[in-house]
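From first to last, the protein sequence lines are chains A and B. Here the first sequence stands for residues 1 to 363, where the numbers follow the working numbering. Here the second sequence stands for residues 1 to 480, where the numbers follow the working numbering.
Any given hint might turn out to be false.
Some, not all, of what chain B presents toward chain A, calculated at C-beta under 8 Å [to be verified]:
{"no.": "1", "residue": "305"}
{"no.": "2", "residue": "306"}
{"no.": "3", "residue": "311"}
{"no.": "4", "residue": "315"}
{"no.": "5", "residue": "317"}
{"no.": "6", "residue": "322"}
{"no.": "7", "residue": "323"}
{"no.": "8", "residue": "326"}
{"no.": "9", "residue": "328"}
{"no.": "10", "residue": "329"}
{"no.": "11", "residue": "340"}
{"no.": "12", "residue": "349"}
{"no.": "13", "residue": "351"}
{"no.": "14", "residue": "439"}
Under 8 Å between C-beta atoms, here's a sample of chain A residues computed to sit facing chain B [to be verified]:
{"no.": "15", "residue": "39"}
{"no.": "16", "residue": "216"}
{"no.": "17", "residue": "222"}
{"no.": "18", "residue": "225"}
{"no.": "19", "residue": "228"}
{"no.": "20", "residue": "229"}
{"no.": "21", "residue": "231"}
{"no.": "22", "residue": "232"}
{"no.": "23", "residue": "233"}
{"no.": "24", "residue": "234"}
It is worth saying that the hints were derived from the structure and are not from the lab. Virtual Cβ for every residue (Gly too), placed ideally from N, Cα, C.
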Amino acid sequence: MNQRSRALLAAVLLPVISVIAGFVVAGLAVALSGSDPWQSFYALFQGAFINPRALPETLIATTPYIFLGLGVALGFRAGLFNIGAEGQFYIGALFGVFIGYNLHGLPAIVHILLALLAGILGGFLWAAVPGILKARFGAHEVITTIMLNYVAFALVNFLINNGPMVDKASSAPRTPYIDPAAQLPILASGTRLHAGLLLALLAIPVIWFLLDRTTIGFRIRTVGFSPTAARAAGISVAWTLLATMGISGGLAGIAGADEVLGVSHYMPPSFSTGYGFDAIAVALLARSNPWAILPAAFLFGALSSGSRFMQFQTQVSADVISVVQATVIMFIAAPVLFQWIFRLRRAPAPAIKIASETEGAAL
Amino acid sequence: MDLVIEWGQVHALLGENGAGKTTLMNVVYGLVRADNGEIIYDGSPATIHGPTDAIRLGIGMVHQHFMLIPPLTVAENIILGHETVGPVSTVDVAKARKQVSALATRYQLEVDPAARVANLSVGMQQRVEILKTLYRGARLLIMDEPTAVLTPQEAQGLFEILRGLAKEGKAIIFITHKLGEVIDIADRITVMRHGKVVATTTPGESSPADLARLMVGRPVMLQVNKQPARPGKAVMQLQHLVVEDERRQTAVNGVDLEVRSGEIVGIAGVEGNGQNELVEALVGLRQPRAGTILLNGRDVTRTSARTFISLGVGHIPADRHRMGIVLEHSIADNLVLATYDRPPFASGIVRQLGAVLSYAKKLVKAFDIRAKSPAQPVASLSGGNQQKVVAARELGRNPKVLIASQPTRGLDVGSIEFIHKQIVTQRDAGLGVLLVSSELDEVLSLADRVAVMYRGQIVGVLEGKDAERERIGLMMAGAA
Numbered sequence: 001m002n003q004r005s006r007a008l009l010a011a012v013l014l015p016v017i018s019v020i021a022g023f024v025v026a027g028l029a030v031a032l033s034g035s036d037p038w039q040s041f042y043a044l045f046q047g048a049f050i051n052p053r054a055l056p057e058t059l060i061a062t063t064p065y066i067f068l069g070l071g072v073a074l075g076f077r078a079g080l081f082n083i084g085a086e087g088q089f090y091i092g093a094l095f096g097v098f099i100g101y102n103l104h105g106l107p108a109i110v111h112i113l114l115a116l117l118a119g120i121l122g123g124f125l126w127a128a129v130p131g132i133l134k135a136r137f138g139a140h141e142v143i144t145t146i147m148l149n150y151v152a153f154a155l156v157n158f159l160i161n162n163g164p165m166v167d168k169a170s171s172a173p174r175t176p177y178i179d180p181a182a183q184l185p186i187l188a189s190g191t192r193l194h195a196g197l198l199l200a201l202l203a204i205p206v207i208w209f210l211l212d213r214t215t216i217g218f219r220i221r222t223v224g225f226s227p228t229a230a231r232a233a234g235i236s237v238a239w240t241l242l243a244t245m246g247i248s249g250g251l252a253g254i255a256g257a258d259e260v261l262g263v264s265h266y267m268p269p270s271f272s273t274g275y276g277f278d279a280i281a282v283a284l285l286a287r288s289n290p291w292a293i294l295p296a297a298f299l300f301g302a303l304s305s306g307s308r309f310m311q312f313q314t315q316v317s318a319d320v321i322s323v324v325q326a327t328v329i330m331f332i333a334a335p336v337l338f339q340w341i342f343r344l345r346r347a348p349a350p351a352i353k354i355a356s357e358t359e360g361a362a363l
Numbered sequence: 001m002d003l004v005i006e007w008g009q010v011h012a013l014l015g016e017n018g019a020g021k022t023t024l025m026n027v028v029y030g031l032v033r034a035d036n037g038e039i040i041y042d043g044s045p046a047t048i049h050g051p052t053d054a055i056r057l058g059i060g061m062v063h064q065h066f067m068l069i070p071p072l073t074v075a076e077n078i079i080l081g082h083e084t085v086g087p088v089s090t091v092d093v094a095k096a097r098k099q100v101s102a103l104a105t106r107y108q109l110e111v112d113p114a115a116r117v118a119n120l121s122v123g124m125q126q127r128v129e130i131l132k133t134l135y136r137g138a139r140l141l142i143m144d145e146p147t148a149v150l151t152p153q154e155a156q157g158l159f160e161i162l163r164g165l166a167k168e169g170k171a172i173i174f175i176t177h178k179l180g181e182v183i184d185i186a187d188r189i190t191v192m193r194h195g196k197v198v199a200t201t202t203p204g205e206s207s208p209a210d211l212a213r214l215m216v217g218r219p220v221m222l223q224v225n226k227q228p229a230r231p232g233k234a235v236m237q238l239q240h241l242v243v244e245d246e247r248r249q250t251a252v253n254g255v256d257l258e259v260r261s262g263e264i265v266g267i268a269g270v271e272g273n274g275q276n277e278l279v280e281a282l283v284g285l286r287q288p289r290a291g292t293i294l295l296n297g298r299d300v301t302r303t304s305a306r307t308f309i310s311l312g313v314g315h316i317p318a319d320r321h322r323m324g325i326v327l328e329h330s331i332a333d334n335l336v337l338a339t340y341d342r343p344p345f346a347s348g349i350v351r352q353l354g355a356v357l358s359y360a361k362k363l364v365k366a367f368d369i370r371a372k373s374p375a376q377p378v379a380s381l382s383g384g385n386q387q388k389v390v391a392a393r394e395l396g397r398n399p400k401v402l403i404a405s406q407p408t409r410g411l412d413v414g415s416i417e418f419i420h421k422q423i424v425t426q427r428d429a430g431l432g433v434l435l436v437s438s439e440l441d442e443v444l445s446l447a448d449r450v451a452v453m454y455r456g457q458i459v460g461v462l463e464g465k466d467a468e469r470e471r472i473g474l475m476m477a478g479a480a
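Full structure from sequences and hints, please.
In structure tokens, the structure reads:
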């Protein structure tokens, strides 16, 4: 097998088979719990694609996964593990809703743009904190972003649950509704499908271009591959990490604002259903390739929207979807395990590796 | 492949990096399993599944990088894994010391069994490694590139020891890629190329030139062909430079040095005497604590690597994989690693991949980089070609001064020849070169002036014609 076809195999076949393996394992779990896996998965499929308004709902769920997946993937390319997408998503939504309900009388296009930019700014600022901590003091972003998630949840809870942003006219704790001008237009009448999907689809080529065709992307990838070589080549590693973290957070932020402007039109204290965490899986499944984010996000969108119908129809808990997701991640994250099970190729003899130790062939 | 080792001989295994010498020896030592073929040891087939089997058979290996535990004493290191146990399961240290002393006396490997390994010189540590194998009853000793870390004098000392061991009837396999050593020490020589034995000969039958030809597969120029230097103005001046290492210890202690255009200044020294820190300071990667670096008269001491690059400092780093190249990037991207954001390779923030590719094609050709296409990942190249990528990038942007640190380490003879030729050509075109190398032969054959570095200081600067091996060797050891 030549190098090219092997690379293609790794890029396409491994994720696909990982997904299949995910369903197999989840199917076993369903069977063990006494239900029929075929029936359950058929209900899942119905709920994601067949039922009235199923496909639009799937696409609605796909939208934040695209933004967030791109953000996490961008971080991966610089060697950063941004686990804080969830918190950045919250802050983005918070900034977006603030602009959404506080301004009135603006033309829709202006209001929407302002609110989305506010969302980007919120996510950017929230991610810049771990970015600065990393760049300046070397604090590990996994720790700082996780911690900032909790700060974000608490801050949102404080502001919206009886805090300064609560809608006093409402019985449930939530912010006021955003101005109608700030609402994203609906794409298909009779559905909730909003224009955010188009923005997300637009973001894919933009991020691809950024990564593959600009000097910023080159810096990001170089730092991700080898910070030491980047430094020796005069690239500022600290600046690059900070910028990457900021852009990654900006993408999470726009996802949050987009969710407010397109779907809920207000913000409750507990807002997300773990989109930011699932996005890590989306980015892993897409192997951090911007184009591959689209099918990965679509899969996760379908799983999330189909699972509700499946639970309703077959009494199989929607948590089964977590089994699918977890198995997929396990296979993606452990390609060795995968190759061992499927014997895709003979593992290269260790003899060769040891021999080339001084030559340092790439592993 | 066939290889016959006889008792009582020093058998040199000569070959370029990647020729399979180390792999072969790892098979003998049981670290790697052979695909097929057999090992006949002392007349009967031997099955060696791991180092334990090898040790039981009396095979000992001294690795290129020592396997010692620095905080422990010499005696403790030697008996490790084969401890003499006293009453109540305690290690009988006194007995161990006695045994080690006896062993050391018998083989004339004087070393204090009570000394801590951390406090020993590299040469002494190597003795401990040899003693360790002898303690385990080794009759066949495998030495993997043992002189890489030694001064010339220490190497001579090692040769004495090895000859003594051979006289005792032990067999020694001496892995190396240095021709001179082979002639000095070996009774028999086996030359390997691309995993095959290409010849078995003796120092009497073959000249260094013959051996080089066998190693590379074609005639090789052993001497660097160069005209006397015609140095011009100083391009880089160091004034009382003080640089600290990671642990904030002074590594470079007041270095004054000048590199003029059109000359190659060599820095000789045993590794770890401050060369790495000096190099990092000279390319802007490490802030000196005191002193001044002038580039063409301009003070650049407290600027960034970026400034050094833009002012025409080229850098061939010692650690190619960590600092020289990005393995995952293509050859083309590696060739513009320091200039990716300048015209014509970028306009604004948009990269101009066409310009990058055509520039890469030009360099691939000029530097004879053996690749199918400039778009292939640099990881797919051999070590020699990877180093050519580094050299092409750094020389390709026409630097004023080149800081070359171990520029040919781990390379095959052919690539060494090529890179040396490039450096000399650029010198003749007016480049100032600072060459740091722990291979004294490289410094002697390339440099127009030789500065010897010892414990962070330049202990002497010799003009090329006065630079004798002996004298430099003594200076490297701090003895002159």
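Status of the hints after comparison with the structure:
1. 305: Interface hint status for residue 305(B): holds (5 Å vs cutoff 8 Å).
2. 306: Result: holds, 4 Å to nearest chain A Cβ.
3. 311: Violated. Min distance 11 Å.
4. 315: holds, 7 Å
5. 317: Result: holds, 6 Å to nearest chain A Cβ.
6. 322: holds, 5 Å
7. 323: Since chain A brings a Cβ to about 4 Å from residue 323(B), closer than 8 Å, the hint holds.
8. 326: At about 5 Å, which falls below the 8 Å cut-off, the nearest Cβ of chain A leaves the hint on residue 326(B) intact, so it holds.
9. 328: Since the shortest Cβ distance to chain A is 5 Å, the answer is holds.
10. 329: Check passed: Cβ of residue 329(B) comes within 7 Å of chain A, closer than 8 Å.
11. 340: Check passed: Cβ of residue 340(B) comes within 5 Å of chain A, closer than 8 Å.
12. 349: holds, 5 Å
13. 351: holds, 6 Å
14. 439: Residue 439(B) check fails; min Cβ-Cβ to chain A is 15 Å, beyond 8 Å.
15. 39: With a closest approach of 46 Å, the residue 39(A) hint is violated.
16. 216: The hint holds - residue 216(A) has a Cβ within 8 Å of chain B, the shortest such distance being about 6 Å.
17. 222: Check passed: Cβ of residue 222(A) comes within 6 Å of chain B, closer than 8 Å.
18. 225: With Cβ-Cβ at 5 Å, under 8 Å, it holds.
19. 228: OK, holds: residue 228(A) within 8 Å of chain B, min 5 Å.
20. 229: Constraint on residue 229(A) satisfied, holds at 5 Å.
21. 231: holds, 7 Å
22. 232: holds, 4 Å
23. 233: holds, 4 Å
24. 234: holds, 4 Å
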